[in-house]
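Asks: Here's the letter readout for the chains.
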Amino acid sequence: MTVRHALLALLSEGPKYGLRLGQEFEARTGEIWPLNTGQVYTTLQRLERDGLVESDDDADTGPKKDFRITAAGDEELRRWLRTPGDNGAPPRDELVIKVLVATQVPDVHVAELIQVHRRHLVETMRAYSRLKEDAGEHDVGLLLVVDAELFRLDAVSRWLDTAEARLRRRPDPDAVATVPARPKLRGRVGARR
Amino acid sequence: MSGVLELHQVAKSYGEGPNTVHALHGIDLTAQAGELVAIMGPSGSGKSTLLTIAGTLEVADEGAVLVEGQDVATMSANDRARLRRRSVGYVFQDFNLLAGLTAAENVSMPLELDGLRPKAARAAAHAALDELGVADRAGHYPDQLSGGERQRVAIARAVVGDRHLLLTDEPTGALDSVNGEGVMRRLRAACRRGVACVMVTHDAQLASWADRVVFLRDGRIIDHTSAAPGPESLLVPSAES
Amino acid sequence: MARRAILRWSWRLFRREWRQQALVMVLLTVAVATSTALATLAFNVAPVTGNAEFGTADHFIRLTSPQPDTLDAQVAAAAEWFGTIDAIGHRQVPIPGSVDNVDHRTQDPNGPFGAPMLALVEGRFAASPTEIAVTDDIASRFALSIGATFDLDRVERTVVGVVENPSDLDDEFAHVTASRASPTFVTVLVDAADELVNDFRPPGSTSRETSSRGDVPEDVLAAVGVLAAASLALFLVALVAAASFLVMAQRRLRQLGMLAAIGATESNCRLVTVSGGAVMGVVAALAGAGLGIAGWVAMSPQVEAAAGYRIDAANVPWWLVIVGMALAVVAATGAAWWPARSAARIPIVLALSGRPPRPASARRSAMLAAAFVAGGFACLAAAGDLADDTAVHWGSAFLVVLGSLAMVIGVLLFSPLAVAALARAAAPLPVALRIALRDLGRYQARSGAALAAISLVLGIPSAIVLGATAAQHGADAGNLSDRQVVVRDGAVDGPFAPLEEDVAGLEEQVADLAELLPTVSVQSLDVALDPAAPEQPEFDGRIAVSLAERSGDGWRDLTLLYVATPELLAPYGLDVASLDAGTGFATTESGEIGILGAARPPEEEQSNTDLLGDPRPLEAGYSSVPGSFLTHERVQQQGWESIPSGRWLLELDAPLTDDQLAAAEEYAAGAGLTIESRDHQEGLSALRAGATAVGMLVALGVLALTVGLVRSEAASDLRILTATGATRATRRMLTATTAGGLALLGVLLGTGGAYLVLLVGFLDGPPPFPASQLVAIAGGTPLVAAVVGGLLTGREPPPATRAAIG
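Chains as they are written, first to last, in this note's numbering: chain A, 1 to 193; chain B, 1 to 241; chain C, 1 to 806.
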């Protein structure tokens, strides 16, 4: 989670001190992503080391010390905004592994298992939707973050639906063992996050 | 507490002999005033049939359907029509409104069908449209309204005149997500004012708006969500000062 | 309140969709206009028959006497007997060189019963013995104008006016006043009971005949006929309207479902469609009635010419028109009822999905159809048995109407089956045709209704054409064949033959005339003369033996008794020997036949039915050719003579042309002869041609609208077809096939049905076959429909429009 770029963004509005940076970050992301003060200061130090921010030349690192963005930092910020994310190798997904494993483990009703996870997903999504509802239509920051999470969870829910449908169409659960060998896939699917 | 809608062991089949399709089996469902219940399931799960039976558009083969305490099975077709005029509101995914009537006239139609004088019916219609935030579009025809506005008018018609049961099938299916969200907000608000709302969908995001989600698969209820913890559970404690 | 809300929505829908419904309203309007015009036509045409003979009276008595004093006494006696009479005196003055006479007629223009027979066109009626008024044909023939002198009967008179017989425009006569007219017979019009008429005995000679109009009052017949015509037309209206309402209801199915979902009852949903029907009915009734009356006014001159009597264009039966309009509204509303009901009964869930239910089996309607046809057949057959004499019975008239209606309905009820059958038969056809015909079957209800409409529209002109053809002389009927000419001595008439000394001169003249024509043979038609019969010097010529039939307690002249020759007997398939083997007496006449002109003892009756024994019956052939014969042997047995009758039959080797006829008539005029040739009956020919043309046009119009209706719902299929690469040609084929298929079925049901009804109910002889008109209707309509349908298609269907807004 690129906290450093978020801090750069906040600093591009004007000089701020560390505590304030942390508060603003949380406020603007709907207080969903936790960020502790120590993390803030560590990141700020790294930024200063890299020449992207500067602070008052004061040896005192008190809480009221202002930080400013440099020209290099500004450039870095703009570069980062435009750079697309890494959509390459998919992360190793625990839920996917759970479902795959469940098809092999004897006496496990895969459909029931899927429903368990689905229910949990829906319950989580329900909480997010309530959050959205209570926040009203104008808290854009919160809405953006919540939408992102909802869509992510929704995607998982859809994957569960598809998985269930595929597994339903399997000829025989016990016949999985006799599935003919597949050609090896080039490269590796699944890389370390 | 008895709900606005109660389904007890409802079953419905179509076709005969080897071609029989058992659309619903042993359905038990209750919806209370003020709550939004979502029925979630893939296509073919029977969720649309459940809705049409709950709304008296179809008659169940077995089991009891009670709307505001009245058993639908004992009613004649005209009695069921009266129930739809007075107690039940329907919102479909699209094509809800009658072409040729303005928004206000569409909303007042159920009341006028019930015999209410046009003036009183129109007043009630305007009040409902106001609640849904589309009062300024009262005099427009459906083809002059946007998709979101049309759905809101449809919801207004479904809640006009002190109805307590609102049934809806993919209400935001034809809308983009921002418009859809607007509609769902209004729906929730209408719900809060004392309407029992049953929503049928296959979309998890839509279902997430409900207080309670019931999962339907192959005509049976296989699961339901537990009572919701508050949304606060998702929030981080505020940064210490 | 609920109804008001529904009606409001129905009206809004009408306002929005009026363009789609305009087509149907046009058709409805045209149908109403046609039925209004037809009803007015029937009203004007129907009740007038008989007026030419009876005026407004219900009986007439014809008094004949060569002595004017006797006639006057008889007329006076009639006046005393009956109270109110209208006496019309006739003197037939022959026109040199023509079959026709100029009837010098005395008639009081203000007489109580004679008004329908005498009308003034120009000038005034004859009011003094030196005045005469003539009909227009006589005026042009003799080049008369008002003020000219006319003395055909050798009495000089001044022409003071132009008159006509409005009930028979072909009646050529001259109107004169009573004095110096010396009528030869008088027609006395009376309104009295049958017994009173039969008991009347005029003083002097008992040569009188009576006639009555018949049992059924003619205006009731007229009303029934008009009503039937109007009902048929409105039936057509209802069929087309039903098809369009089916389409309309289908289009609105989803919204109807939504209406039910928000709590409308089934009757509320029905009201939507039914009220739409009512609105259309009202609009069409108003517009249609106006158009119909305008059309009638425009066509009444042609009708007048065809019918042969005066027609007053302003004589519109307003009460009938209003009833017709009301019926039209009822029909349109009624036509909407069945589609409304079937749409409202569709389960709400199905309606909401916009899917139409599968069509009902065509078999049920087919059984119903068979029942109707069988019932109609029975009624018509029974009617035929009842009415076998000239007077018309209430019962048989009713049965005829009922039977015809039943058969028509029966044939029309076969429509859904026909459509379904056509759809099934489409299997081996190329794909475009298959799709079009299957679509017809898929929307069976509306295709069936459309087909019924087209069948009706094709059936009516077919019936008119067939009926006119049957009425018109076929090849074997009529007065003469087109290769025969009858030449008569202009000086003799009726049962009289020329004097002996005149015969040779006449024969010469006939021979000269025969040379003007492509004559093959000249036959003198000889008759029998009883030398012992009393002389009647007041008449020209010698009285020959003739046949008469009973009329009241008197006799009515039928025909002369001709001497049989092989050539004259040939058309009847007989020879002289076989006749001689029997009584030697043969005739085409039937009933109680008396022999006139033969001597008899005074104490016997005037005629003697047993004088010659029983005649051998003959099938009637041409009406102006001898049909009653006595063999030469028999003539001699009776002690009679065989003398020339003053009539000659010319056989030609080629059909008579107009030029030849004109030349012959000119010669005959100068020679004092008269000529008769084949009567071609132009009026009926015009009717046939007109009915064919109008019928086809109307059928094509109805087809255009119904095909539009049927294919309108296929728009989405058309888009799919276009998207998968169908060309314009394919689209043209679809429309052409639909149009042609419907037209073909319509011909089968309509023309075939007309044939069936006419054959069973009305015709005795062989079925008429008006080849050219049948080919035009039966072959031309489907062909033209297909071609025009194909040509008028072409534009691509509009891109997927937003469906019904909700």
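It should be emphasised that the hints constitute simulated quantities derived from the structure, not laboratory data.
Misleading hints may appear alongside valid ones.
Claimed, not checked - DEER-style ranges, computed between Cβ atoms:
no., chain 1, residue 1, chain 2, residue 2, range
1, A, A165, B, D28, 18 to 28 Å
2, A, T37, B, P42, 30 to 40 Å
3, B, S177, A, A165, 35 to 45 Å
4, A, H138, B, P42, 30 to 40 Å
5, C, T722, A, D147, 33 to 43 Å
6, B, S43, A, P106, 48 to 58 Å
7, B, P42, A, A148, 45 to 55 Å
8, A, H138, B, E16, 48 to 58 Å
9, A, P84, C, T722, 21 to 31 Å
10, C, R363, B, A123, 51 to 61 Å
Said to hold, decoys possible - Residues from chain B that keep clear of chain C, each with C-beta distances beyond 10 Å, as calculated:
no., residue
11, E62
12, A77
13, N78
14, G89
15, R193
Every value quoted in this text rests on a predicted model; they were computed, and no experiment measured them.
Cβ atoms here follow ideal geometry from the backbone N, Cα and C, with glycine treated the same way.
Asks: Each hint needs a verdict: does it hold in this structure or not?
Replies: Do the hints match the structure? See the list:
no.	hint	result
1	A/A165 / B/D28: 18 to 28 Å	holds, 26 Å
2	A/T37 / B/P42: 30 to 40 Å	violated, 47 Å
3	B/S177 / A/A165: 35 to 45 Å	violated, 24 Å
4	A/H138 / B/P42: 30 to 40 Å	holds, 36 Å
5	C/T722 / A/D147: 33 to 43 Å	holds, 41 Å
6	B/S43 / A/P106: 48 to 58 Å	violated, 32 Å
7	B/P42 / A/A148: 45 to 55 Å	violated, 25 Å
8	A/H138 / B/E16: 48 to 58 Å	holds, 57 Å
9	A/P84 / C/T722: 21 to 31 Å	violated, 41 Å
10	C/R363 / B/A123: 51 to 61 Å	holds, 55 Å
11	E62	holds, 18 Å
12	A77	violated, 7 Å
13	N78	violated, 5 Å
14	G89	violated, 8 Å
15	R193	holds, 20 Å
Taken one by one, the earlier hints fail for this structure at numbers 2, 3, 6, 7, 9, 12, 13 and 14, listed in ascending order.
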